[in-house]
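Novice: If you read the protein sequences in the order shown, they are chains R and F.
Numbering follows my numbering, with no gaps: position 43 of the first sequence is 43.
Position in the second sequence (from 1) plus 1000 gives the number in my numbering.
Hints in this document: simulated from the structure, not taken from any laboratory.
We treat Cβ as the ideally placed atom computed from N, Cα and C, and that holds for glycine.
One or more hints might be untrue.
[Said to hold, decoys possible] Here are some of the chain R residues that sit facing chain F, going by a computed Cβ distance under 10 Å:
#	residue
1	Pro-17
2	Asp-19
3	Thr-21
4	Ala-24
5	Val-29
6	Arg-31
7	Arg-43
8	Gly-48
9	Cys-52
10	Ala-54
11	Arg-56
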Amino acid sequence: MIPEVEIVLDGAPVRVPADATLAAALLSVGRMALRRSVDGEPRGALCGMGICFACRVTVDGRTHRRACLEPVRSGMRVTTGD
Amino acid sequence: MDVEVAVVGAGPAGIAAAIMTAEAGRRTVVVDAASLPGGQIWRHRSRGDLPRDARRWLVRLERCGAVILSDATVIDATTAAGAPPTLLLSRHGDAIKIEAQSVIIATGAQERFLPFPGWTTPGVFGLGGMQALVKSGALVGGLRIVLAGSGPLLLPVAALLAARGAHLSVVAEQASPGRMARFVAGLWRHPARLTQAAALRTRFLGTAYRWGTWVERVRPAAAGLSVVLTDGRTRREIACDLAGVGFGLVPATELARLLGCQIQGDRVVVDAGQRTSVPRVFAAGEPTGIAGADAALASGTAAGAAAAGVAAPRSGRRAGRDAAFAAQLAETFALREELRALPEPDTIVCRCEDVRHREFQRGTCARETKLRTRAGMGACQGRICGPMREFLFGAGVEPPRAPLFPTAVAALCSPDAGQSSTRGAP
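The whole structure should be built from the sequences, with the hints applied where relevant.
Specialist: Have a look at this one:
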């Protein structure tokens, strides 16, 4: 059994794997689109290692956090679509 | 922070280098962007995930006395004749300045991406990107996954995904069957690598490993993605949940170039002691040529020994052999011409600024393109589109400028940062 925690994703509670980075956790629950590009197209993680900045989200009010470098924490509030 | 040796990067090369200098009694700091040392190849959540030799290196690193600064990114670096090199780091929103007698650049490599219609669709990851996400805890059991691109990385990623219960639809290698057959036939000269490749292949025997096949397009589909593969004659459309696509590795040389180290092709020029053209600056591992973890451990050890002024232990590796293998890799996995023709006029090239293929002109230099289109001016600072623009348009590489990574203005304005030259901050 994989341990899970609850996070708040765009205002709704979601259970995700506990021992994961945020990008990995969101992939696990089928959430691929994380932001909007300059032209408004949906985009998601690409490089997985902090280089491409394609997975930036807002975490607990802090903007431009790279989801691939951010560990999952119980109760963290994540806003996508910036 | 005043140290004798600053090592940038905590993958195999950086780990081996830091162990050499710290065990020789030099005050050593290791700067790494991740939260745990290991680099990309030894990325882990717990030590139990790692092979035994990796665990041994990490234990040795822990005990050698080097200070490890994780979650830290080098944003600027300077050297001046006679003065020690200076690194400026950003860590948890603060700036940290490090003055070191020697700097060892062990920044590893990054993935090469190429644009094709639909490559920016969510669910399309890099090949190494998908590997990193799975190693970082992503659950892929039951997902239908297509892997495509080029290079030896296809094998370990396919093996990992199969072991985690994914349904691999196909593994597509763009290199021609002729080149692949020649490469495999020559592997007997590298028995360890042959054994390793064979062991990885057995872990996804249920999936076809198609040579001479590449991704032509990806479309979002009702449930997931639709990936079109081609061998140049026929097309096949595959429904899947995720795609991992990557075209080999590119040495990460931004820091070396910022410090003014001589570069040849895409790699940092070093001597037998891993010295770059800049005094007191060494480079080890992938920035000096893509050759894998064992070669990185050997060159890291050599760099650490040279920086500490001690004799290098015999590695049992012959540098010439690693170089020969690197040359074979480059020849086998050279990118085919057809890949240049994949983007359509509307295909995104620079994802940060949404600059499309039609906005680029062949032969225009990187700097002019950047000023005209903003390509390479976004958050990734050209790391993703730079290598692809070079392949597609022969654009050349724009010299890096500080900050090397997007940095909070507050960190740049801190008193520590003020003493450094933050040249060319955009």
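Novice: If a hint holds in the structure, say so; if it doesn't, say that too.
Specialist: Verification of the hints:
1. Pro-17: Where the cut-off is 10 Å and the nearest Cβ of chain F is about 5 Å from Pro-17/R, the hint holds.
2. Asp-19: Because about 5 Å separates Asp-19/R from the closest Cβ in chain F, which is inside the 10 Å limit, the hint holds.
3. Thr-21: 4 Å, holds
4. Ala-24: 4 Å, holds
5. Val-29: 9 Å, holds
6. Arg-31: 9 Å, holds
7. Arg-43: With a closest approach of 6 Å, the Arg-43/R hint holds.
8. Gly-48: Since the shortest Cβ distance to chain F is 3 Å, the answer is holds.
9. Cys-52: 5 Å, holds
10. Ala-54: 6 Å, holds
11. Arg-56: 7 Å, holds
Every hint from the earlier list agrees with this structure, and none is contradicted.
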